[in-house]
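Q: Using the sequences and the accompanying hints, generate a full structural model.
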Amino acid sequence: MPKRVVRTGGFMATDPQGNRYYLHVFTEYADASDSGGPGEIPVRAIIKTQDGQPVNRQDKGKYEIAATGLELTSTDPAAF
Numbered sequence: 016m017p018k019r020v021v022r023t024g025g026f027m028a029t030d031p032q033g034n035r036y037y038l039h040v041f042t043e044y045a046d047a048s049d050s051g052g053p054g055e056i057p058v059r060a061i062i063k064t065q066d067g068q069p070v071n072r073q074d075k076g077k078y079e080i081a082a083t084g085l086e087l088t089s090t091d092p093a094a095f
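Heads up: take any position in the sequence shown, counting from 1, add 15, and you land on this note's numbering.
Calculated directly from the structure, the hints in this document are not laboratory data.
Heads up, a few of these hints could be off.
[Unchecked claim] Simulated pairs of lysine to aspartate or glutamate, EDC-like, Cα-Cα distance not exceeding 20 angstroms: (1) K63 / E86; (2) K18 / E55; (3) K63 / D91; (4) K75 / E86; (5) K63 / D30; (6) K63 / E79; (7) K77 / D30; (8) K18 / D46; (9) K18 / E43; (10) K75 / E55; (11) K63 / D46; (12) K77 / D91; (13) K75 / D46; (14) K63 / D74.
[As the list claims (entries may be wrong)] Restraint-style ranges between C-beta atoms, simulated for each label pair: (15) T42 / A81: 30 to 40 angstroms; (16) G33 / N71: 15 to 25 angstroms; (17) Y37 / R59: 17 to 27 angstroms; (18) I56 / Q32: 34 to 44 angstroms; (19) A93 / P69: 35 to 45 angstroms; (20) S48 / T88: 37 to 47 angstroms; (21) Q68 / G33: 15 to 25 angstroms; (22) D66 / F95: 16 to 26 angstroms; (23) E86 / G25: 17 to 27 angstroms; (24) P31 / I56: 18 to 28 angstroms; (25) H39 / G84: 11 to 21 angstroms.
Keep in mind the model is a prediction, meaning the values are calculated, not measured.
By construction, the Cβ of each residue, glycine as well, lies at the ideal position given by its N, Cα and C atoms.
A: This is the structure we're talking about:
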């Protein structure tokens, strides 16, 4: 199934030292038209820092930059 990735949102997060990071949220879509479903279905959310580093979601409002292990938190209403 060919996939497409679209930026679908973003929110602010902070590290323990108070540094702020803007996290971009992307949604990966898969083509489901060949299986009789709708044209595309969302498969997963991808979170990245402003400079493109992958971010792991630990829980709502709790994140970790994958490469460094730096923990981030967010109370932004757009965070998930």
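Q: Now tell me, hint by hint, if it's right for this structure.
A: Cross-check of the supplied hints:
1. K63 / E86: holds (13 angstroms)
2. K18 / E55: Given pair K18, E55 holds - Cα atoms ~9 angstroms apart, limit 20 angstroms.
3. K63 / D91: Holds, at roughly 16 angstroms.
4. K75 / E86: holds (13 angstroms)
5. K63 / D30: holds (15 angstroms)
6. K63 / E79: holds (10 angstroms)
7. K77 / D30: Within the cut-off at roughly 10 angstroms; holds.
8. K18 / D46: Given pair K18, D46 holds - Cα atoms ~6 angstroms apart, limit 20 angstroms.
9. K18 / E43: holds (7 angstroms)
10. K75 / E55: With a Cα-Cα distance of about 26 angstroms, the restraint between K75 and E55 is violated, given a limit of 20 angstroms.
11. K63 / D46: violated (23 angstroms)
12. K77 / D91: Holds. K77 to D91 sits at ~11 angstroms (cutoff 20 angstroms).
13. K75 / D46: violated (28 angstroms)
14. K63 / D74: Holds: K63 and D74 sit about 15 angstroms apart, inside 20 angstroms.
15. T42 / A81: 30 to 40 angstroms: violated (18 angstroms)
16. G33 / N71: 15 to 25 angstroms: holds (21 angstroms)
17. Y37 / R59: 17 to 27 angstroms: holds (20 angstroms)
18. I56 / Q32: 34 to 44 angstroms: holds (40 angstroms)
19. A93 / P69: 35 to 45 angstroms: Since A93 and P69 have Cβ atoms about 19 angstroms apart, the given range 35 to 45 angstroms is violated.
20. S48 / T88: 37 to 47 angstroms: At 40 angstroms between Cβs, range holds.
21. Q68 / G33: 15 to 25 angstroms: holds (19 angstroms)
22. D66 / F95: 16 to 26 angstroms: holds (21 angstroms)
23. E86 / G25: 17 to 27 angstroms: Distance hint for E86, G25 holds at roughly 19 angstroms.
24. P31 / I56: 18 to 28 angstroms: At 37 angstroms between Cβs, range violated.
25. H39 / G84: 11 to 21 angstroms: holds (20 angstroms)
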